[in-house]
Structure formats: C-alpha cells, structure tokens
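Undergrad: Here's the letter readout for the chains.
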Amino acid sequence: MKKFKISKTSIKKFFSYFNPKRTRKLNRSMGGDLALFVLLLLFGTFSAYPLIMTASNAFKPLDELFLFPPKLLPRNITFDNFRDLSELIGNSWIPFSRYFFNTILITSLGTLGHVIIASMAAFPLAKYRFPGRSIFFTLVVYSLMFAPQVTATPNYIIISKIGLIDNPSAIILPAIASSLGLYLMKQFMQQIPDDLIESAKIDGASEYRIFFTIIMPLVKPAWLTLIILLFQRLWITDGGAFIFSEELKPLSYALRQIAQGTIERAGTIAAVSFIMMIVPVTFFIVSQSRIVETFSHSGMK
Amino acid sequence: MAAAKTVVNYQSTWFQRLIRDIKKSKHYYILMAPFAILFFTFTIIPVIMSLGISFTYFNLLEPPQFIGLDNYTKMFLEDDVFIIALKNTLILAVVTGPVSYLLAFVFAWLINELGPKLRSFMTLIFYAPSISGNAFLMWLIIFSGDIHGYANAFLINFGFISDPILWLKDPQYMMLVIIIVQLWLSLGVSFLAFIAGLQSVDKTLYEAGAIDGIRNRWQELWFITLPSMKPQLMFGAVMQITTSLAIAQVSMQLVGFPSVQYAGHTIVTHLIDYGTVRFDLGYASAIATILFLIMITTNLVVRKILRRVGE
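From first to last, the protein sequence lines stand for chains A and B. The numbering of the first sequence is my numbering, which starts it at 1 and goes up by one. The numbering of the second sequence is my numbering, which starts it at 1001 and goes up by one.
Hints listed in this document are in silico derivations from the structure and should not be mistaken for laboratory results. Mixed in with the good hints, there may be bad ones.
Said to hold, decoys possible - One side of the interface only, derived from the structure: several residues of chain A facing chain B at Cβ under 8 Å:
(1) 32
(2) 42
(3) 158
(4) 211
(5) 214
(6) 216
(7) 291
(8) 296
Idealized CB from N, CA, C, for every residue including glycine.
Could you build the full structure based on these sequences and the hints that come with them?
TA: See below:
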C-alpha cells in the first residue's frame, strides 16, 4: 500500500492554490481566466439544461411534470413513467420485445459490419500504394462533403430494384459503407509504424494475417469511434421509407408512436426520451478518452 | 539471362507496368472490395443516377421520360416554395455553419485549459446533445406556445413580454428557434476533432513562443495553436458545412412539416416532400443535384480559405 507522505513540495503545492502570485501558466491573465470560466459556465448550462430536464422529467410524477416554475430535480422520485411505458407496450399488438430485437439486430449487425469492412478497406489505403488508391480515397473525402439526403431518392430506387424493401438490410448495408468511418480509420492506421508490418512480412505472414492479428488489435480506439458514430445513427432509425411491416419496425418507431400521444402521456414520453438518450451517452462516457484519441488523427490536408 | 530480363522490364510500356502493379496488389483489392462495392452502390452510383433522373419525369411506376432542363427551370422560375426553401437553407447555413464552427473551436480551446477530470466532464456536457437521440424534443416544451412553455413563462415572469409568443407557429420566430436548437445540437464530430487536435499540439512550441515575444493567449492562439492544428480545422469545417446545409430533422420535428407559410422549409425538407410524399422523383433528383452542387462548392471554397490560416 502506498502511504501518503507530507513532503515539503506537497505543502508548497497546496498553499500555492491560495496564493494569487503562484506560478501561472505562460501567457495567462487572471481576468481572462475568469471571463473564460464564466463563459464556459453559461454555455455549459445552456447545453446541459435540456438534457437534465429530459432525465429528471422521466422520474417525476405527473403532477410535478406540469409544475411551474419547472423543478430541475424531481421532489418525489417515481418509476411510474417506466411502469406505464411497459404496460402501454404490453398492450400493443406487436410484443415490445420484437421492436427491441429489431433495433438490436440493425444496430449490432450494422456497427459490427461497419467496423470490420471499413477497417479492411482502410488498411491498404493507409499502408500501401497501388493503382486506384488515390482516386478511391479522393472519392471518399468528397463524399464527406455532401449529406446522405442527397442520395436518398436513387438509394430508394436501388434498394427496391435489389429487392431489399421491407428488409433490415435496407438500413444496414448503406450504413456499413459510411465513408466517415473509413476516413477516420484510415487516418488512424497511418500512424502505425511500417516496421511492424515489414517484420511480420519477413516472418512470412500474409496480408490478411497481418491485418487481423497485428493491425486490428492496434486500432481498438478507432473501433470505438466508428461504433459510436454508427450506433447513434442506427439507434434512432425508424425504418424510414424502407421498412413498412409492423413486426420489422425498430424501437425508435414504436417509441415515436407512443410519444405522439396526448398530454396524459407526458410522463411516458419523458421515459421514452430518457431511454433513447441514456444508451448512447453512457457508451460515450465509458469510451470517451479513446474516442478523442482517434480524432487526433482525423486531420485533412 | 538476368540482363535480358532487365532490358524487357525497362522497355515495358506504362500499360504493362500498370497491369503488373494491379496483379501485385491483388490482396489489397480483395480487402477493399466489400466496402468499395457498398460504397459505389449506395453513394457514388446514386449521385450519378440523381443527375440522370433530374432530366426526366419519373414517378417510379412508369418508365422515366426525358424532359430536358424542365425540372430546373420549374425549380427556379415557377416553384416559389423552392425559393423560400433555398433562402431559409442559406440563412441557416450562413448563421449556424460559422457560429457552430467557432463555438466548437472556442469551447474545445477553453476546455483544453482545464484539468483532465473536468475536461472530460465538460466534453461530455457539450458533446452529449448531438448523440442524445430525440432529446432535442425537450425544446418543444421549452418553446411551447402557451404560458407553460419555459421560454414564455420566463419572459412573462421577468416582464419582457405580456402575452405568450407562439414560437413554433409564428413564422417570425421559427427560424430563430431552429437556429438555437441546431446550434445546441451542433457540437459533434468536429468538436471532438478540435479537442484532440489541441491536445496534440507540441507543448514546447508555447515555451519557445513565450521566449520569442508572444505576449498573451490571443497571440499564442493565432501564431502557434491554429497553425499547428490546421488539419483538424479542415476536417471540422467539412463536417460543419455539410451538417449546416442539410438541416431538416430539427425543422420537421419542431415547427412541423410543412411549417406554417413554409417559414421553416429547407432544401432537404423540400426534397423529402417531392421524394417521399409526392413521388415526383425527377424533380426531387433535380433538387438533390442542386443541393449536391451547393455543398461541394461551399466545401471547396472554404477549404481554400482555411489553407491560409496563420500564414
């Protein structure tokens, strides 16, 4: 066990917090620091307030929901809203577990496929030169410059021609080829030293073996980034124009139907919003530092 | 023998060399194939198709009919709603694009001064809205038109207004609401890129700068920080421009689809209207093509400008 030792330096450090003349970082003024702190506090509140309200409303009894002025935190914490939600769902003619399963299927297959397939494509783009490489990567970068809505109409035609209408693949397949993921993965792989690959080659490993046993374990932080970017997109998908069978509809669609209810459903709606919010946010909290690490290689020339 | 072979290699044409390079790179193409096939099917081919279909009348039931530039002339000369949508889109982009870009950078920069614990907490606070699913619907309650809407109640309580404002129904306020909510949602991927970029700036540069006569944090920002993280700035710009020109969800969910007097209508909601409600795919494709051109042009122009930062 490590014992805490009071040394001369630790005392000095402690008191330096109260000493206005303590050694400051270079080029920082006290007034500037204070102004920036106030700014952060102000905008932080603006950013957090709707989220905190979403979370706290989910645990408020109905009478508190309509209280004015709105209370930031519930006085009597209740799980009634979640109970009502599960009852409401139990009464619908499609079992709720079915919607849940659909979303899990779309989200897990989509993110898994995306991580594997985008990494496979990123590896040669990052590490080798071959004919067609720069043209392909330029196309990928250009595709970041327009929103997916641009291709919505032809996508519908293509998907219906392939016969994927009313099939989860209609959502999964386009998501797998998301170009932002490939871009980030390729940039991240570029910082892996070439020596690692060279020495594996000397040992007689094939490209595929190098990819799966050396490269993939090294780019774990980038996996998490690709997962969260695609997860948030697939998690809130409602099937759009592609899925019309009720038993294939995802969770977000079912929850949206509930949310369109009247005022006595306000509590249930709050519970729904909370569920949709908490899953991606929790994932981000857990993997934040690795995700940020990935973005340090995101730069564009 | 060996010498003869070298001569042959030397004399081989560029085409033969290309074929040889392609054969040598076989494994790379195999690794890229799954992504490339999906990417071409769902991104590249649709862009080309969109351009083609935009010259036709197409309703998905009958085969497309070539009508030349009719869709484009209709769009700019007859369709008043498109002009409103174009105007709204440009206003939204001009306001939310640069503002969200600046906010993302400024907050990333401020957060960077904090200790590691507080830094990850603030990162979460600012980034969370963009990944919170439909939590932005909370703004429906905040901007609700009756006196119980938080914004109205607040303004009435403090005597700024006497009657509640119909934030989501009055065309005068719709764009303001969309802008506020869109800014709230906009600290996304580029914000993370900026945070990461700031953390990877070489710390010794700041010490060297202090010796070379940099006086305050603003000079430090302009002469050291910004030039060091130019690649992230470029990437963030692409992300913000693309998002700010594609605003649709916030408008549809908050002010309705279609909104009163089309006051919250954007190019993308117009596209959704013709593509999935009216099934006039030719016209929808023409709208998509125009949007595509606007997005690509803006991106290329802004990239040109950003290349000059710190020079």
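Undergrad: Checking hints one by one. Is residue 214/A an interface residue toward chain B, by the C-beta closer than 8 Å rule?
TA: Check failed: Cβ of residue 214/A comes no nearer than 14 Å to chain B, outside 8 Å.
Undergrad: Holds or violated: residue 296/A as interface residue toward chain B, Cβ cutoff 8 Å?
TA: holds, 4 Å
Undergrad: Should the hint that residue 291/A touches chain B count as held when the rule is a Cβ pair under 8 Å?
TA: Cβ of residue 291/A sits 7 Å from chain B, so the hint holds.
Undergrad: Hint validation: residue 32/A versus chain B, beta carbon distance must be below 8 Å. Holds or violated?
TA: holds, 6 Å
Undergrad: Does the interface hint hold: is residue 211/A within less than 8 Å of chain B, judged Cβ to Cβ?
TA: holds, 7 Å
Undergrad: Is the shortest C-beta separation between residue 42/A and chain B less than 8 Å?
TA: violated, 11 Å
Undergrad: Closer than 8 Å between Cβ atoms is the bar; does residue 158/A clear it against chain B? Give me holds or violated.
TA: holds, 6 Å
Undergrad: Quick one, is the residue 216/A hint okay against chain B at 8 Å, beta carbons?
TA: Violated: closest Cβ of chain B sits about 12 Å from residue 216/A, beyond 8 Å.
Violated hints, in rising order: 2, 5, 6; the structure is consistent with all others.
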